[in-house]
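Colleague: Okay, so the sequence shown: first residue is 1 according to UniProt numbering, each after it adds one.
What the hints contain is simulated information worked out from the structure, not anything from laboratory work.
Treat the numbers as computed from the prediction; the structure is a model and nothing was measured.
Ideal placement from N, C-alpha and C gives every residue a C-beta, glycine not left out.
Each hint should be verified, as a subset may be incorrect.
To be verified - List of simulated lysine to any residue pairs, SDA-like, C-alpha gap at most 25 Å:
| id | residue 1 | residue 2 |
| --- | --- | --- |
| 1 | LYS202 | SER176 |
| 2 | LYS203 | ALA154 |
| 3 | LYS203 | GLU153 |
Claimed, not checked - Label-pair restraints from in silico Cβ distances:
| id | residue 1 | residue 2 | range |
| --- | --- | --- | --- |
| 4 | GLN118 | ARG180 | 26 to 34 Å |
| 5 | LYS45 | ASN261 | 15 to 23 Å |
| 6 | GLN22 | GLY244 | 25 to 33 Å |
| 7 | VAL264 | GLY224 | 16 to 24 Å |
| 8 | GLU153 | ASN239 | 41 to 49 Å |
| 9 | LYS155 | LEU182 | 42 to 50 Å |
| 10 | TYR177 | GLY232 | 27 to 35 Å |
| 11 | ASN239 | GLN118 | 43 to 51 Å |
| 12 | GLN174 | ARG152 | 20 to 28 Å |
| 13 | GLY119 | PHE181 | 33 to 41 Å |
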Amino acid sequence: MKIAVLGATGQTGQYLVNQALQQGHTVTAIVRNPGKLTVQHDKLKVNNVMSCLSTNCMSFYISSVMYAAVMFFYRGFMKCDPYPGPEIAYTIILLFSLFCQVVEGNIFSEDSLKLHFQGQDAVISCLGFPASFLSGVTGYTLSMRAAVNAMREAKVNRIITMTSWYTDPNSGTQSSYLIRFLLLPMIRSVLSNMFEMEHFLKKTQDVNWTVVRPPGLKNLPATGKEFLTHEGYFVPDSNGLPIGSAVGRGDVARFMLFLLNTDVWFNKAVAITTKNE
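Please model the complete structure; the sequences and the hints are all you need to start from.
Modeller: Structure (structure tokens):
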């Protein structure tokens, strides 16, 4: 199958590209920095695009530094994503771009994306955008609108994307105190825009879409663990409480690729986690 991957150089995207190639798919990785994609394969094509939103860099800088601090705390205490390097690097980049005013990116342009979607069987998006406390987050909705419109132009009918548990603001009442009262408020701008993107897709009738909602993400490769799924905003146990709080990025990629071969989750959002042995 021919797959166009958005966010291919991100942490989850890297797992997905590698697994897709191992499974024999032909991958077009749509990236802003080809050098970050270390894998080389005769079935891998790398297309270079810009992917920055137009934004006020000062507010973006402040909110992103705060986000990085929260992620350090969350990873240290919740044992998710134990490698803080990306947040450190991201903060340094923002320091250098402090005086930048406006940047524009083609990843939010359907005219740009449709060129990369030509001849593809499916699009998979692993795009992620940092929390913003001052200006809000719009990357999920803007990129998805552009992607869906580009798919229509390129006559591609299948898209798989990822958001998170607890995108609905009322869905986290059964989560742990740390998640409910610290993490969720700090990343609410991200979750809110994910929620808006999900609603946009629910109103899209001419594209077969699936939203994958994982919990917290660990930098771990794929396992052979059984997936637990639920058509809701988290995966509950028999008492309605969330099962676990984190899953490996490799397993998220594994589930997203599994969706290429089934129509069970067409036009649905599915919360996932893995079953503990």
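Colleague: Would you list, in rising numerical order, the hints stated earlier that this structure does not obey?
Modeller: Checked against the structure, the hints that fail are numbers 1, 4, 10, 12, 13, while the rest are satisfied.
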